[in-house]
Structures are given as C-alpha cells and as structure tokens.
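Student: Using the hints provided, position chain B relative to the given structure of chain A.
The chain contents come next:
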Amino acid sequence: MSITLTELFGSLTSSEYKKINHLQPTLKNIVDTIYKDSTVEQGPWIAGGMGRQLALDPTCQEFADIDIWFSNAKSYEQCWIRLNNTFGNHMYESFTSDNARTYTIGDYKVQLIRRAYYKSLDEVFANFDFTCCQVAVDRDFKLSGPGLADARNNVLKVNKLDCRGFLARYAKYVGYGYVMPNEEFLDIINNQEINYEFDATTLGY
Amino acid sequence: MNLTQQLLDTELGQAALISKLSGKPAQVFDDVFAWNGKILDRTTAIISLLKVYNQVPVSDSVKVSAFERYYKRFEPINSTDFFVDVYFEDTRNPEVEARIWFNKVCNIIRGDVKELPNEVIKDILVTLHS
Chain A
1 MSITLTELFG
11 SLTSSEYKKI
21 NHLQPTLKNI
31 VDTIYKDSTV
41 EQGPWIAGGM
51 GRQLALDPTC
61 QEFADIDIWF
71 SNAKSYEQCW
81 IRLNNTFGNH
91 MYESFTSDNA
101 RTYTIGDYKV
111 QLIRRAYYKS
121 LDEVFANFDF
131 TCCQVAVDRD
141 FKLSGPGLAD
151 ARNNVLKVNK
161 LDCRGFLARY
171 AKYVGYGYVM
181 PNEEFLDIIN
191 NQEINYEFDA
201 TTLGY
Chain B
1 MNLTQQLLDT
11 ELGQAALISK
21 LSGKPAQVFD
31 DVFAWNGKIL
41 DRTTAIISLL
51 KVYNQVPVSD
61 SVKVSAFERY
71 YKRFEPINST
81 DFFVDVYFED
91 TRNPEVEARI
101 WFNKVCNIIR
111 GDVKELPNEV
121 IKDILVTLHS
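Which chain is which? The protein sequence lines are A and B, in order. For the first sequence, this note's numbering gives the first residue as 1, with consecutive numbering after it. For the second sequence, this note's numbering gives the first residue as 1, with consecutive numbering after it.
Hints listed in this document are in silico derivations from the structure and should not be mistaken for laboratory results. The structure displayed is predicted, hence computed values, not measured ones. For glycine and all other residues, C-beta sits at the position ideal for the given N, C-alpha and C.
Derived DEER-like restraints, expressed as beta-carbon distance ranges:
1) B:60 to A:152: 23 to 33 Å
2) A:119 to B:114: 40 to 50 Å
3) A:73 to B:78: 52 to 62 Å
4) A:40 to B:17: 53 to 63 Å
Under the rule of at most 20 Å between Cα atoms (straight-line distance), these lysine to any residue pairs were calculated in the SDA-like manner:
5) B:122 to A:165
6) A:36 to A:118
7) B:114 to A:198
8) A:36 to A:81
9) A:119 to A:99
10) B:122 to A:180
11) B:24 to A:189
12) A:157 to B:129
Here are a few chain B residues that face chain A, going by a calculated C-beta distance under 7 Å:
13) 43
14) 46
15) 47
16) 50
17) 54
18) 55
19) 56
20) 62
21) 118
22) 125
23) 129
Just chain A, with the same shape it has in the complex:
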C-alpha cells in the first residue's frame, strides 16, 4: 500500500500542525529559549563574545557567536533539546568537536560548550583567557561580569595565560581593536614559553 505526500499531510489536523510550527529564530527567542527554566545559580549562562560585543555597542545585533556554558551534562542536554524543539528546521549543526557543538539558528551561531562544566558563573569567568571576555548576558540582555570595563574600553589584559593558544587569541582581539599594554605583552613574550605553531587543536576548535 502506498500513500502520497498530499494524503499524508492532508491527514494532519490543524492542532497537530501547530505542534511543528516552530518559533522564528530571532535573537530574543534564542536567548529566551536558552534561559527557559534556568536560574542564575545553576545556569546555563551566556558569556564571552556576545557580552563583549554588547559592551562595545549596546545596539549590536550581529554576533560572531553566542557561547553557552553549563553546570552539568543534564543541563547541556536539556538546553539542546529546548533549542531543537523550539527552532526545528531553523536550526542545524554546523560544527562539532570535543570542546563544543555549534549550531546555526537563523542568522546566529550558537555554541554549546562542553569541554568542561562549571559550578558557577564566576567559575566560567575565571576560565577566560582575557578579561574583556568576562562579560555575561542575562535573559533581559543585561550585562555583568568583572571584564565589563575592559571590554568597553578596548583594553586587552590576560586573565589566565594559555601559552599554547596565546598568540592566536591575542591576534584575534588585536584585530577587533583591543590594545594590550606594552609592558604586559613584553612580560609575557619575554618570560613565558609561548607557542608559535598553530593547528586546529591549539586554535581551540
């Protein structure tokens, strides 16, 4: 017995159709979905590049990526399911590694970080290499974090030195217009075993 597509879809009632009518992938809808049923204590948390860009330009709507950090594997899975259920065909996986799964949702690149899980937002902040990344975005797009002033003032300072990826990450933020004080840069390059060879691992992909 065979069935045509018209017969198949024609058999769907209007209420069943609504179940697969996904939300539009606007920035607000994406952030709402990420933070649905979340708490500040348990996460998930949006922090990093999106916060830094909003610190520079509060009207910014285009982000290199939206990084999401989690307190445990269950929270990670639940967030992934929420995004999938909410955006359906608007969402597809664009890159996967041990560190993160990256999804394109509409015009946005959403990165679910899984290289580690964090007990708190402060622990997420402590993990960033540069202070200007220590900016979180809450469900109302309010910014917080110890790096807010540096992010706004284009100041590049090391929070936690990663000798393997330092030069590549440094180049990225210099390219964005951030300036590292000469003394700080010279201290690092003269006194630390900085890596000069880069591949996908050292670049953190």
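Tutor: Just chain B now, with coordinates in the frame of chain A:
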C-alpha cells in the same frame, strides 16, 4: 602625531628606508610603523605577521575592521607610495575589498621571505610593542 608633509619628509621616509633594508618593521611614531616601505598601524602589522608566518586565521570581520581603520587613519597620505592601496570595481563590496587589501598587506610584509624562525617573529613582535 598628525600625518603632515614634514613627517613624510623625515620620520616616515627614514623608517621606510630602514624597513626596506632590514625587511623588518621600523617605528615611525607611537603605533605607526613602516614595513618594506609601506606605512602600517600596529594592529594590521600584527595580524598580517601572524597570518603569514604562523598561519593564524583572520576572519573577514577583522579584515574589514582593519581595512576601514587603515583607510581612515592614513587618508592624508593615500596618494603617496607609502600607502597600501587597492583597486576597486565600481560595485563596492567591503568584504571583498578588505580581503584584497589584506592579501596585499600580507604580500608586502612577506617580501621574498617565505619562512621566519620563531626568534625573529618574537623580535618583530617586541619591536611592534616598543
């Protein structure tokens, strides 16, 4: 310091000559350098150095940002040989223009030197932060 005719005649000219002879950047003032005879700001010099010799990727958004800053900052000398200029078609596309410009910058700083030891890269980075 402003980019004046006096600067062109003195500091920039000397730095350009030194950079051509050494193949390395020579400081003009603050964060402005000459490299193989061309004027570059520190940001452009760093990202192109690490792209050419260390394969550090540079995104299109960074290229556009560096390109726009360069054109604005060095506009007073855009008709001189020190300026890194590119030919544009009538239909302006900032990303394409930025890619062409950045590629030209990379070729300028590379010159004939295909590889550089890490120690030399380090020395150049130190110079760029002097």
